[in-house]
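> Sequence:
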Amino acid sequence: MSETSDAQILIDIDKWKKSAAYYLVDDEKQMGRVILVTVGCEWYTLREIEKLIAGKYPEHMDTPAAISARLREVSPYKHGLVKQKFLKMENKKQVWRYRLVPALPVREVAERVGIFYA
Numbered sequence: 001m002s003e004t005s006d007a008q009i010l011i012d013i014d015k016w017k018k019s020a021a022y023y024l025v026d027d028e029k030q031m032g033r034v035i036l037v038t039v040g041c042e043w044y045t046l047r048e049i050e051k052l053i054a055g056k057y058p059e060h061m062d063t064p065a066a067i068s069a070r071l072r073e074v075s076p077y078k079h080g081l082v083k084q085k086f087l088k089m090e091n092k093k094q095v096w097r098y099r100l101v102p103a104l105p106v107r108e109v110a111e112r113v114g115i116f117y118a
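In my numbering, the protein residues as written are 1 to 118.
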């Protein structure tokens with residue numbers, strides 16, 4: 001299966017922002033803050049997410065441990081998003097990078113990869 005392009009992810013994010021799931025995201029809650037700074041094409045470490053939240057919401061100090069917990073709780077059914085992650089070597093250390101992208105209906109995934117779906 002081919003990788004989803006950044007352009008397609010941005011189109012999917014625009015669709016997600018029109019969904020009911022998006023309107024349930026509340027930046028007064030930790031889950032909402034994690035979602036709002038992590039959704040998109042960019043990949044982030046937990047520390048980078050922490051810094052993004054601190055910059056955008058200075059009144060909240062969300063820790064990497066708490067952010068990790070919220071990322072584990074992301075649900076395609078509740079939030080309309082899926083977590084993607086990969087392990088990368090940086091400065092001789094293994095570092096996990098994360099992003100949230102819109103979850104897609106099975107029919108749409110099948111069409112994108114060229115499988116007939118009845």
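Treat the hints with caution; some may be incorrect.
Pairwise CB distance ranges (calculated) [to be verified]:
id : residue 1 : residue 2 : range
1  : 115       : 69        : 17 to 25 Å
2  : 19        : 72        : 30 to 38 Å
3  : 19        : 84        : 28 to 36 Å
4  : 17        : 97        : 33 to 41 Å
5  : 94        : 8         : 42 to 50 Å
6  : 77        : 5         : 39 to 47 Å
7  : 14        : 78        : 14 to 22 Å
8  : 26        : 95        : 26 to 34 Å
9  : 20        : 73        : 31 to 39 Å
10 : 95        : 115       : 29 to 37 Å
11 : 43        : 18        : 33 to 41 Å
12 : 76        : 7         : 16 to 24 Å
Only pairs whose alpha carbons sit at most 30 Å apart, straight line, appear in this in silico DSS-like list of lysine-lysine [to be verified]:
id : residue 1 : residue 2
13 : 56        : 15
14 : 83        : 56
15 : 83        : 93
16 : 92        : 78
17 : 51        : 18
18 : 92        : 15
19 : 51        : 78
20 : 15        : 85
21 : 29        : 92
22 : 92        : 17
23 : 15        : 93
24 : 93        : 78
25 : 88        : 56
26 : 17        : 51
27 : 18        : 92
28 : 51        : 93
29 : 18        : 29
30 : 29        : 56
31 : 92        : 51
32 : 18        : 56
33 : 29        : 51
34 : 83        : 17
35 : 18        : 93
36 : 78        : 18
37 : 29        : 78
38 : 85        : 56
39 : 93        : 56
40 : 51        : 15
Hints in this document: simulated from the structure, not taken from any laboratory.
Yeah, the Cβ is synthetic: ideal placement off N, Cα and C, and Gly gets one too.
> Output the numbers, in ascending order, of every earlier hint that fails for this structure.
Per hint list: 1, 2, 3, 4, 5, 6, 9, 11, 16, 18, 21, 22, 23, 24, 27 and 35 violated.
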